[in-house]
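There are 2 protein chains.
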Amino acid sequence: MANPTAAMLVIGDEILSGRTRDANMHHLAGRLTETGIDLKEVRVVADDAPAIVAALRVLSGSFDHVFTSGGIGPTHDDITADCVAQAFGAAIDVREDARALLAAHYDRQGMEFNAARMRMARIPEGATLIDNPVSVAPGFTLGNVHVMAGVPSVFTAMVESVLPKLTGGEPLLSQTIRITRGEGDIAEPLGLLAREYTTLTFGSYPFQKDGRYGANIVIRGTEQDKLFAACARLLELFGDDAA
Amino acid sequence: MANPTAAMLVIGDEILSGRTRDANMHHLAGRLTETGIDLKEVRVVADDAPAIVAALRVLSGSFDHVFTSGGIGPTHDDITADCVAQAFGAAIDVREDARALLAAHYDRQGMEFNAARMRMARIPEGATLIDNPVSVAPGFTLGNVHVMAGVPSVFTAMVESVLPKLTGGEPLLSQTIRITRGEGDIAEPLGLLAREYTTLTFGSYPFQKDGRYGANIVIRGTEQDKLFAACARLLELFGDDAA
Chain A
1 MANPTAAMLV IGDEILSGRT RDANMHHLAG RLTETGIDLK EVRVVADDAP
51 AIVAALRVLS GSFDHVFTSG GIGPTHDDIT ADCVAQAFGA AIDVREDARA
101 LLAAHYDRQG MEFNAARMRM ARIPEGATLI DNPVSVAPGF TLGNVHVMAG
151 VPSVFTAMVE SVLPKLTGGE PLLSQTIRIT RGEGDIAEPL GLLAREYTTL
201 TFGSYPFQKD GRYGANIVIR GTEQDKLFAA CARLLELFGD DAA
Chain B
1 MANPTAAMLV IGDEILSGRT RDANMHHLAG RLTETGIDLK EVRVVADDAP
51 AIVAALRVLS GSFDHVFTSG GIGPTHDDIT ADCVAQAFGA AIDVREDARA
101 LLAAHYDRQG MEFNAARMRM ARIPEGATLI DNPVSVAPGF TLGNVHVMAG
151 VPSVFTAMVE SVLPKLTGGE PLLSQTIRIT RGEGDIAEPL GLLAREYTTL
201 TFGSYPFQKD GRYGANIVIR GTEQDKLFAA CARLLELFGD DAA
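Protein sequence lines, in the order shown, are assigned to chains A and B. Heads up, the first sequence is in the numbering used here, so the first residue is 1 and it goes up one at a time. Heads up, the second sequence is in the numbering used here, so the first residue is 1 and it goes up one at a time.
For the record, the hints were derived by calculation from the structure and aren't laboratory data. Positions of the beta carbon are idealized from the N, C-alpha and C atoms, including for glycine. Hints are not guaranteed to be accurate.
[To be verified] Computed beta-carbon distance windows for the label pairs: (1) A:E125 / B:E170: 39 to 47 Å; (2) B:F207 / A:E96: 38 to 46 Å; (3) A:G169 / B:E34: 38 to 46 Å; (4) B:A243 / A:Q208: 39 to 47 Å; (5) A:A103 / B:R181: 15 to 23 Å; (6) B:Q224 / A:E223: 56 to 64 Å; (7) B:T176 / A:A103: 26 to 34 Å.
[Unchecked claim] In silico EDC-like links for lysine to aspartate or glutamate, alpha-carbon gap of 16 Å or less: (8) A:K165 / A:D131; (9) A:K40 / A:D64; (10) B:K40 / A:D48; (11) B:K40 / B:D64; (12) B:K165 / B:D82; (13) A:K40 / B:D48.
So here's chain A without its partners, still in its complex pose:
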């Protein structure tokens, strides 16, 4: 059976302006691969309601899961929860369990639980909360969309709250063979191998080091026996130039 599929939607002007280098995509990609969920597409859009709503509708209709990152804080540019409600035609309001979590948190911190902070308790109707062990304000799952914070430490923690609840497939395994030949010399035998092992994928990532050309060949698949057989063939084909 094929693995479940996923998309990620990164929400944030700061990524598109080049101010911030996104870290969440790389983290989620690695964790999904380990879980046996195939990440098929990532989109990055601005803090712009029509763009967010349109992307949510397309991605949630095309993949088994959608993971979002960003836009769930207390400020005016945090519009993700409202956009998710709009995309699914769900009502949205302050929810009592989320409000209580935040009220207790700000009470412990001796900080005022004001109107801006109350916005973080706005949760679309029918959603399940996602635990936030770092800074309390919860994420949520509505339908197949998992809404998480953009701050990397919080995003990472929320991913670990969500993943155990999802049914993964077979983890995608990978092996890397380093070949110190020009990629153009590797291409033909590699292409033949890729046509022979149709359930594996073969990626070629060239490098140049100390004046020598080479490529890392990454072989991926869920069947360990085929993976090792293909690695053995590649090592045999390139002899001393492969490792």
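Using the hints provided, position chain B relative to the given structure of chain A.
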């Protein structure tokens, strides 16, 4: 007049599997901001022809420019040029000027110019070549799509070959004010300021350091006078907590 708009399409299984952390998005985002071209969306798709062709069609129809990264090497998984040809209904074949560049390069290197390497001279009809000062194999521009390599050093060099040929708008300026108050205390006055200065955008990026809460407020816009006026207001509002 509004700035030109752009999208980026990152092509590569290695990003979606979490093996490689993409660097090109962050680089391009920063350079476009400096050039006065507004990056509105980024998509990352796998080495999968239907996904690449569909994304190319949507993005090239929606934005003034599309910049692609990845999939133009000599191996079987390098399918970007063929996908661009397909998306635009253009013919594709080995082109003499690209072939000559590569032939001279491999001759200098004492490497065989074989069939796999010849694939890198396949250019869609009607395209303009993009210079590659790093490793010779060219990128190309077809219509409003700029096709570049995924290897970061080559991508970076190709961006510098392309950008001087494009008409930019007014560079997006930004200023950051660091406020050591909880984001929930900043939210209301910041929201009022955002409604007052409608041509500027105000982003709030929270942090926690040495047990204190704070946020970096990033104000962006093309009018320097308004930018400084808004910064002055923010500094006044938060007194000793702002810097």
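Taking the hints in turn, this is what the structure says about them:
1. A:E125 / B:E170: 39 to 47 Å: Between E125 of chain A and E170 of chain B, where Cβ atoms are some 43 Å apart, the hint holds.
2. B:F207 / A:E96: 38 to 46 Å: 30 Å, violated
3. A:G169 / B:E34: 38 to 46 Å: 43 Å, holds
4. B:A243 / A:Q208: 39 to 47 Å: 44 Å, holds
5. A:A103 / B:R181: 15 to 23 Å: 19 Å, holds
6. B:Q224 / A:E223: 56 to 64 Å: 60 Å, holds
7. B:T176 / A:A103: 26 to 34 Å: 31 Å, holds
8. A:K165 / A:D131: Holds, at roughly 12 Å.
9. A:K40 / A:D64: Distance ~10 Å between K40 of chain A and D64 of chain A Cα, so the pair holds.
10. B:K40 / A:D48: Satisfied, since the Cα-Cα distance of roughly 10 Å is no more than 16 Å.
11. B:K40 / B:D64: Given that 16 Å is the threshold and the Cα spacing comes to 10 Å, the pair holds.
12. B:K165 / B:D82: Given that 16 Å is the threshold and the Cα spacing comes to 24 Å, the pair is violated.
13. A:K40 / B:D48: 10 Å, holds
The structure does not agree with the numbered hints 2 and 12 stated previously, though it agrees with the rest.
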